[in-house]
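Participant: For the record, the sequence lines run as chains A and Y.
The first sequence begins at 1 in my numbering and counts up one residue at a time.
The second sequence begins at 467 in my numbering and counts up one residue at a time.
Simulated from the structure, these hints should not be mistaken for lab results.
Some hints could be false.
Subject to a maximum C-alpha distance of 30 angstroms in a straight line, what follows is the list of computed DSBU-like cross-link-like pairs (lysine-lysine) [claimed, not checked]:
| id | chain 1 | residue 1 | chain 2 | residue 2 |
| --- | --- | --- | --- | --- |
| 1 | A | Lys403 | Y | Lys848 |
| 2 | Y | Lys525 | A | Lys337 |
| 3 | A | Lys377 | Y | Lys598 |
| 4 | A | Lys97 | A | Lys52 |
| 5 | A | Lys403 | Y | Lys599 |
| 6 | A | Lys337 | Y | Lys599 |
| 7 | A | Lys97 | A | Lys110 |
Chain A stretches covered by chain Y per the calculated footprint, using a threshold of three residues with CB under 8 angstroms from any CB of chain Y [what the hints assert, rightly or not]:
| id | stretch |
| --- | --- |
| 8 | 273-285 |
| 9 | 427-434 |
Facing chain Y, according to a computed beta carbon distance under 10 angstroms, are these residues of chain A, among others [unchecked claim]:
| id | residue |
| --- | --- |
| 10 | Asn342 |
| 11 | Ala438 |
| 12 | Arg439 |
Glycine included, C-beta positions come from ideal geometry on N, C-alpha and C.
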Amino acid sequence: MSADNFDVVVIGSGPGGYVAAIRASQLGLKTALIEKGNLGGTCLNVGCIPSKALLHSTEMLHFTKDKAANHGIQVDGVSVDLSQLMKRKDTVVNTLKGGVEMLVTKKGGKIFKGLGVIQSPGTVLVKQEDGEITLQTKHIIIATGSTPIELPFLPYDSETIVSSDQAIAFDSIPEKLAVIGASAIGLELGSVWARLGSEVTIVEYLPKIAPGFDDDICKISERVFKRQGLKFLTATEVTSADSSENKVVLKAQRKGKEVSIEADKVLVAVGRKPNTLNAGIEEAGVKVDEKGRIEIDHHFQSNIPGIYAIGDVVAGPMLAHKAEEEGVAVAEIIAGKAGHVNYDVIPGVIYTDPEIASVGLSEQQAQESGIEVNTGKFNLSANGRAISSDVTEGMVKVIADAKSDKLLGVQILAHNASELIAAAVTHMEYGGSAEDLARTIHAHPTLSESLKEAALAVDGRGLHSI
Amino acid sequence: MAAEVKVPPVGESISTGILAVWHVKEGDRVERDQLLFELETDKITSEGLAEVSGIISIKTEEGEEVDIGQVVAVIEESEVDDEGKAEESEPTSTAKTEAQPEVQEDAPVSPAVRRIAAETGVDPASVEGSGKKGRVTKGDMLEATANSDEKQEMPAAAPTQNVERTSRKKMTGLRSKIADRLVQAQQEAAILTTFNEVDMNAVMRLRKQHQEKFVAKYGHKLGFMSFFVKAVVNALKEVPGVNAQIDGNEIVTNHYYDIGIAVGTEKGLVVPVVRDCDQKSFSGIEGDIIQYAGKAREGKLAIDDLQGGVFTITNGGIYGSMLSTPILNRPQSGILGMHSIQERPMAVNGEVVIRPMMYLALSYDHRLVDGKEAVTFLVKVKEAIEDPTTLLFEI
Chain A
1 MSADNFDVVV IGSGPGGYVA AIRASQLGLK TALIEKGNLG GTCLNVGCIP
51 SKALLHSTEM LHFTKDKAAN HGIQVDGVSV DLSQLMKRKD TVVNTLKGGV
101 EMLVTKKGGK IFKGLGVIQS PGTVLVKQED GEITLQTKHI IIATGSTPIE
151 LPFLPYDSET IVSSDQAIAF DSIPEKLAVI GASAIGLELG SVWARLGSEV
201 TIVEYLPKIA PGFDDDICKI SERVFKRQGL KFLTATEVTS ADSSENKVVL
251 KAQRKGKEVS IEADKVLVAV GRKPNTLNAG IEEAGVKVDE KGRIEIDHHF
301 QSNIPGIYAI GDVVAGPMLA HKAEEEGVAV AEIIAGKAGH VNYDVIPGVI
351 YTDPEIASVG LSEQQAQESG IEVNTGKFNL SANGRAISSD VTEGMVKVIA
401 DAKSDKLLGV QILAHNASEL IAAAVTHMEY GGSAEDLART IHAHPTLSES
451 LKEAALAVDG RGLHSI
Chain Y
467 MAAEVKVPPV GESISTGILA VWHVKEGDRV ERDQLLFELE TDKITSEGLA
517 EVSGIISIKT EEGEEVDIGQ VVAVIEESEV DDEGKAEESE PTSTAKTEAQ
567 PEVQEDAPVS PAVRRIAAET GVDPASVEGS GKKGRVTKGD MLEATANSDE
617 KQEMPAAAPT QNVERTSRKK MTGLRSKIAD RLVQAQQEAA ILTTFNEVDM
667 NAVMRLRKQH QEKFVAKYGH KLGFMSFFVK AVVNALKEVP GVNAQIDGNE
717 IVTNHYYDIG IAVGTEKGLV VPVVRDCDQK SFSGIEGDII QYAGKAREGK
767 LAIDDLQGGV FTITNGGIYG SMLSTPILNR PQSGILGMHS IQERPMAVNG
817 EVVIRPMMYL ALSYDHRLVD GKEAVTFLVK VKEAIEDPTT LLFEI
């Protein structure tokens, strides 16, 4: 076999692609990973990771400015060095990027930097800076990810009308920031800039923020975030925009009335679309659906044998951990093993403070599916650790099947909800019931006890609630 | 309820042994038929099995000398048979052999499943799991308990009120062994049965004639069985093919005459073996049978007592059976079925006479025994019973 012959060629090195490459190498497949930009894809370079770095830094700022005094910590003259804040973020990204390269190559995968273009099933051309190289392969995995959706009347200009790609790297703090879309990206980056001093208005087309989460959670989060200074315009549709010299005025319809929102910068965070251009996907005859997602079967294989697709470029939630699981599964399937992803139990998190995390169904989704449920709730304000740590905002809600008591969903608004949700995911992965969660010992004092208490409350057995 | 664990009888001449190894620990939960200990005697090593399920309390140290029948442990029976099984979290480290796979089947069960198992007695192991890799979920348990509730409610709704139309309990070890062996015999051998009838007149006359002196001398009665045992030994000598068995690709022919006698007990049928019947007198045979019957009733038969027979005689006649087709006692190749004696009009020398008649059935393994041999064998038995003097001359 010559150096340009592979068992697997992965196009795209985001969390789906690089994990697929690692797993394939682990399973003894000769694997190539092609990346046209930076290793790690959106998640590592302009998504999950840099936004978490910014969120953490600004959370500390928020504590120092607004909470420290209450703890007896006097800090005078607090100021922000935005360039240092961004520098640290870049360090975080670079550290992890190095990690990806090291992991892939140590496992035996070969990295090609350049644009990967499918020539035919079994042939991929890599357009590198210094020329082209053709790779022969038995299997191709498309993991090209997604890009932010652009609003037709509000084209990105990288300066005032931006996507998350730029909103993680403003070089100055905008005085007024308008955010279109109150989902994860809008809420997270809205929080970052609000903490840094921007006047942030978040416009949401749907009647609630964090749509997709349980109504109870949405209601409380909106209240909490408003206290933090975010402004919300829900059930509001942005219809047009007037741009003039570094200012934008958005025109929107709200309950039949026109409202206008003035901003220095507009972050459009209305979703992402799959990347199927430039990689020779359609040219190779790979079928995509009406939303531009590659159609795949249960084995992640497209209509063209030997061409597979995973992650944001296929159906399902556009989440890094979903893509990772698919990366593992597709590599295992190619290696003749039984790869599988349980789509019913994928956690979703919004990394605000408090964080919003959920897995499975909300109460409303269960009802819409005609499932009779019992629910249990617990407020963090009654949790000992939450009081000690000054993080009493939020609640845990457990949704269980009324007949079998099987956990159908868990919704958390709490400090560290992203970590708390893991226990619920584990229980659900094994078909656990609310009672199983309630009968599992949780360390005291921890925030996780609220999960247990909410599970107890499903059966009206809450110990630390009235 | 507490059940005593006694040292089981191992053989005629053995009265003591050394309790060599305990396979369970103090306080362990044991299941019925689980291996508890090994007993060493100067002749053999035998095993002590649990007769009930429960928590064991050990009374005797390893290496101690124990008497047959001595209580070496007590098993506290649990109220719900399967409760402990669900509670058990760790396999007992010392338990090996048969006990282990069962413990391993106790995959970890979730806390809610454990609670329901403890409260309802529904064994999670008996429930089909819908969770990851077949794990039993709370929903599965609720469904299973709902089903068992329905089962219990059904009889009440049936026309015969307050009477359970069926009841269920676990098979005893003996019963399940009997079941296995009978099915095995049916599946492995080509069982065929040939019939004949025998005039019991001569045997009855001889018994009547000699009974008094016989009892005076030996202390027990002269029964029918000794005649049949002797008749069978005679026939086996005449037709050695019946005194043989198949072992893999080989035919093993026995040159000894250990005859099994089926004895009904409360727990089920057992077949103790009367040894060397060709060398024993009528009284010797009768004496052995009487002794075995007593041991069987008291549940004191040892494994040794039941092994090594070459042929079996079963008497359904004592329960009034007219005719039956016995199933072979594997690996034996023949079994004689005796039946009830009835007076019937028989044609003898052109005249109708009333005679005490018994039907005989010989089931045999047709793989090994040809029809001619089988029929000849049964005719030989018939002739010996109708004219016991032939036994005298071994003709």
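Participant: All the hints need checking, so say for each whether the structure fits it.
Facilitator: How the hints compare with the structure:
1. Distance check on the hinted pair: Lys403 (chain A) and Lys848 (chain Y) sit about 70 angstroms apart at the alpha-carbon level, beyond 30 angstroms; violated.
2. For the suggested pair Lys525 (chain Y) and Lys337 (chain A), the alpha carbons sit about 53 angstroms apart, so the restraint of at most 30 angstroms is broken.
3. For the hint pairing Lys377 (chain A) with Lys598 (chain Y), the CA-to-CA distance comes to about 27 angstroms; that is within 30 angstroms, so the pair holds.
4. Of the supplied pair hints, the one linking Lys97 (chain A) and Lys52 (chain A) holds, its CA atoms being roughly 15 angstroms apart against a limit of 30 angstroms.
5. Between Lys403 (chain A) and Lys599 (chain Y), the direct Cα distance comes to roughly 22 angstroms. Compliance with the 30 angstroms bound is thereby established for this hinted pair.
6. Between the alpha carbons of Lys337 (chain A) and Lys599 (chain Y) the distance comes to roughly 16 angstroms, so the proposed pair stays at or under 30 angstroms and holds.
7. Among the hinted pairs, Lys97 (chain A) with Lys110 (chain A) is consistent with the structure: their alpha-carbon atoms are about 15 angstroms apart, no more than 30 angstroms.
8. Three residues within the 8 angstroms Cβ limit are the bar, and the stretch 273-285 of chain A against chain Y gives 0, so the coverage statement is violated.
9. For the stretch 427-434 of chain A, the stated coverage by chain Y holds: 5 residues have a C-beta nearer than 8 angstroms to a C-beta of that chain, and at least 3 were required.
10. Look at Asn342 (chain A): its Cβ gets to within about 9 angstroms of chain Y, closer than 10 angstroms, so that hint holds up.
11. Because the beta carbon of Ala438 (chain A) sits about 8 angstroms from the nearest beta carbon in chain Y, less than 10 angstroms, this interface hint is met.
12. Below 10 angstroms, beta-carbon pairs count as interface contacts, and Arg439 (chain A) has one with chain Y at about 3 angstroms; its hint therefore holds.
This entry does not satisfy hints 1, 2 and 8, going by the numbered hints stated previously.
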